[in-house]
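K.L.:
Spelled out, the chains give:
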Amino acid sequence: MKKKSCPVCGSKEISLKKKKKVIKDRLGGEETVSVNIYSCPVCGTTGDLFKENVQVIRKAYLSLNEKAAKNSIDFLIKQGHSLSFIERVLGLSQRTLTKWKIGATKPSAPGVTLLRFLEIFPKLLDVAENNFDKDIAKMILLEEVANQAVEYDEIFTAASKDEFFLYIKKSVKVNKNKSSNCFDNEIQLAIEAQ
Amino acid sequence: MEEFFLSHRPKYDYETFRKACGKNKGKKVNVWENAAEDAERLFRKDEEALLDFIYKKGFDSITFFNSSPHRNIKGVFIDEYEFRTGGITGYIAFFKVNENWSIKSFHQSETRFTLLGDEIKKLKEKKVLK
Numbered sequence: 001m002k003k004k005s006c007p008v009c010g011s012k013e014i015s016l017k018k019k020k021k022v023i024k025d026r027l028g029g030e031e032t033v034s035v036n037i038y039s040c041p042v043c044g045t046t047g048d049l050f051k052e053n054v055q056v057i058r059k060a061y062l063s064l065n066e067k068a069a070k071n072s073i074d075f076l077i078k079q080g081h082s083l084s085f086i087e088r089v090l091g092l093s094q095r096t097l098t099k100w101k102i103g104a105t106k107p108s109a110p111g112v113t114l115l116r117f118l119e120i121f122p123k124l125l126d127v128a129e130n131n132f133d134k135d136i137a138k139m140i141l142l143e144e145v146a147n148q149a150v151e152y153d154e155i156f157t158a159a160s161k162d163e164f165f166l167y168i169k170k171s172v173k174v175n176k177n178k179s180s181n182c183f184d185n186e187i188q189l190a191i192e193a194q
Numbered sequence: 001m002e003e004f005f006l007s008h009r010p011k012y013d014y015e016t017f018r019k020a021c022g023k024n025k026g027k028k029v030n031v032w033e034n035a036a037e038d039a040e041r042l043f044r045k046d047e048e049a050l051l052d053f054i055y056k057k058g059f060d061s062i063t064f065f066n067s068s069p070h071r072n073i074k075g076v077f078i079d080e081y082e083f084r085t086g087g088i089t090g091y092i093a094f095f096k097v098n099e100n101w102s103i104k105s106f107h108q109s110e111t112r113f114t115l116l117g118d119e120i121k122k123l124k125e126k127k128v129l130k
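Here the protein sequences line up with chains A and B, keeping their order.
Following our numbering, the residues of the first sequence are numbered contiguously, the last one being 194.
Following our numbering, the residues of the second sequence are numbered contiguously, the last one being 130.
Any given hint could turn out to be false.
[Unchecked claim] Listed next, the stretches of chain B that the computed footprint assigns to chain A, with coverage defined by at least 3 CB atoms under 8 Å from CB atoms of chain A:
{"id": "1", "segment": "8 to 20"}
{"id": "2", "segment": "29 to 40"}
{"id": "3", "segment": "45 to 52"}
{"id": "4", "segment": "82 to 94"}
Hints in this document: simulated from the structure, not taken from any laboratory.
Glycine included, each C-beta is placed from N, C-alpha and C at the ideal position.
One chain only, chain A, in its complex shape (with noise of 0.2 Å):
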């Protein structure tokens, strides 16, 4: 077999080291693959001198894509959301979501994104169902970073809760049977309490 030769000084020296490198994906796990390292003592060049990792590599990271898609799908199932219906508020063709959870075809790079945002935050289903209405939209992130703070007792006292909740109510001018409900009991005591 012919020597290789380095593609920066041209020396023959180069070393060869197979590595194991651990390819992560925080929504699709981790998958370990063999790559191939050349090293240079001429020249100190260190890498994939000649190529042969890119398909590897590549075929991991489609690999960990498709786990992620899968997996946001599951979470999503397990929150309460039908498939039919996130297919229906977000545009998507039926049993879309279904071939992708089976693995009967493909998930699309942006559809990958889009399930990856939806597991971030699952409210997003909502601003789409609202059409994207962007009062609505700001009245959901309200109720959201509420919800958020609501865990966090030592930075969110009782008064401030209330204080709150009036900011939402006065804060975003949306017609209230459109707006989402989830805070409209709390609102009321504060405006009762007011």
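Got chain A; can you put chain B on it based on the hints?
P.N.:
Just chain B, lined up with the frame of chain A:
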């Protein structure tokens, strides 16, 4: 002796480097191991995708700031650039030997300017901040 001093003019034409990143899927561009790993961490892009990103003018801006001699190859200089993409400010260094390009570094900047840093600088200039 002149070549051992830092230079404030690029040794290579950036456009030539950029085009090399896209030619034959960047066959003539080597990405050093550390640079490839940093690019994966920063951009979630493999080596080929990184070269494609550079070729397709993915950076919002790219500014030359230094050229320094290669430690191991006499007469070869490494051009250093600061780039911006979205909210990230980063650093890329590359050089060319025998028609082969090498990306020696590619990482997020920690010491140089950032968008927030720029805003603070502006406020200081306006004497809003001390």
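K.L.:
It remains to establish, for every hint, whether it holds in the given structure.
P.N.:
Results of checking the hints against the structure:
Restraint check on the segment 8 to 20 of chain B versus chain A: 0 residues with Cβ-Cβ distances below 8 Å, three needed, restraint violated. Interface restraint, the segment 29 to 40 of chain B with chain A: holds (8 residues with C-beta to C-beta distance below 8 Å; minimum three). Coverage of the segment 45 to 52 of chain B by chain A holds in this model, with 4 residues showing a Cβ closer than 8 Å to a Cβ of that chain against a need of three. Closer than 8 Å: that is the beta-carbon criterion, and the segment 82 to 94 of chain B has 0 residues meeting it against chain A, so the requirement of 3 is violated.
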